[in-house]
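All chains, full assembly: derive it from the sequences and hints.
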Amino acid sequence: MNPVPDTTAAGDGGNFDARQAAALLDQTTQRARRSLQPAQPWLLVIRGVLVLAVLGAVWLNVRGQHPYQHPTAALIPVCIAFGVLNFIATVTVARRATAGVRGRSRLRPAEIAILTAAWVGAFAAMAAMASVGVSDRVVYGIYPIAVPLLAAGVSWAGVTAARREWREFGTGACVAITGAAALAAGPAGSWLVAGIGLCVTLLGTAAVIVWQQRRSVVRP
Amino acid sequence: MTTDELDPLIHVPTRLKIVATLATLREGDTLSFTRLQDMIGLTPGNLIIHLRKLEEADYISSKKSSNGSVSITQVALTDHGRAALDAYTRALRDLLGGL
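Residue numbers (my numbering), protein chains in the order written: chain A, 740 to 959; chain B, 56 to 154.
Just so you know, the hints here were simulated from the structure itself, not pulled from any lab data.
All clues given are correct.
Label pairs and their in silico Cβ distance ranges:
#	chain 1	residue 1	chain 2	residue 2	range
1	A	754	B	107	22 to 28 Å
2	B	152	A	852	48 to 54 Å
3	B	98	A	762	21 to 27 Å
4	B	81	A	785	23 to 29 Å
These stretches of chain A come out as covered by chain B in the derived footprint (C-beta under 8 Å, 3 or more residues):
#	stretch
5	760–772
6	835–842
The beta carbon of each residue, even a glycine, is placed where N, CA and C say it ideally should be.
In structure tokens, the structure reads:
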């Protein structure tokens, strides 16, 4: 890449030629895209690998159960800790990337309320089902992974479609499809299907983001 | 075609960096002066001079707001500025194709 001259105060372009301008335009655009991206690809890759490991461990734990009961108690804190850490890391990285940014790309309170209601509602319904004596196969098997994914995926896809954010819509749709597939995979299989589906979705999203960030502005 | 035909307001390294950075924001978003300064790596005085030039040409808009004792300036590319950058990029492409 050609060295790019810079100016001090309000100076002119000096010997700034077209090749240098094209290089600077691409370099600055790519750097800004990386810096302002709330979903950092490296974090998505880590999350993808970890979600496969955690849900794969649950699947290994429950696949031999006949009849199905639930994952062993030792795995539940691991799943909760993973969920909490995942949430904290995602929010921290997103806040850092969007520091100083205001406007349309920020979620509105109504959109946050829809996403929260979908997530909380899915688990509230699970607690209600457990209290009325629905079978373990449903309450601790198919439901806890498949339905929250379906609810979160559909609500995220809906919110992002309304905002015409098509990459984010694609991620939401893939999460919803993963939830639907997990629903059909039975109580033990749902954990594995969810792990693979989420891993593929997260890795795919990371790949799309990297491609979008590296796209040249000047070269078609 | 020569570089003389490139928009002289954008064809300055520092202003090209400013406009290219603001162009990556989503439509309807603004960026704070301090974040822009941090991303471009300019002194506040230097950045103000370039922003003023771009604002005079209606390429960018800025809005000052106050949060208690702290004053925050948000900057965004205008539609006119976005169109100017698109035209500049097309002109660059033509120039490079001819080189």
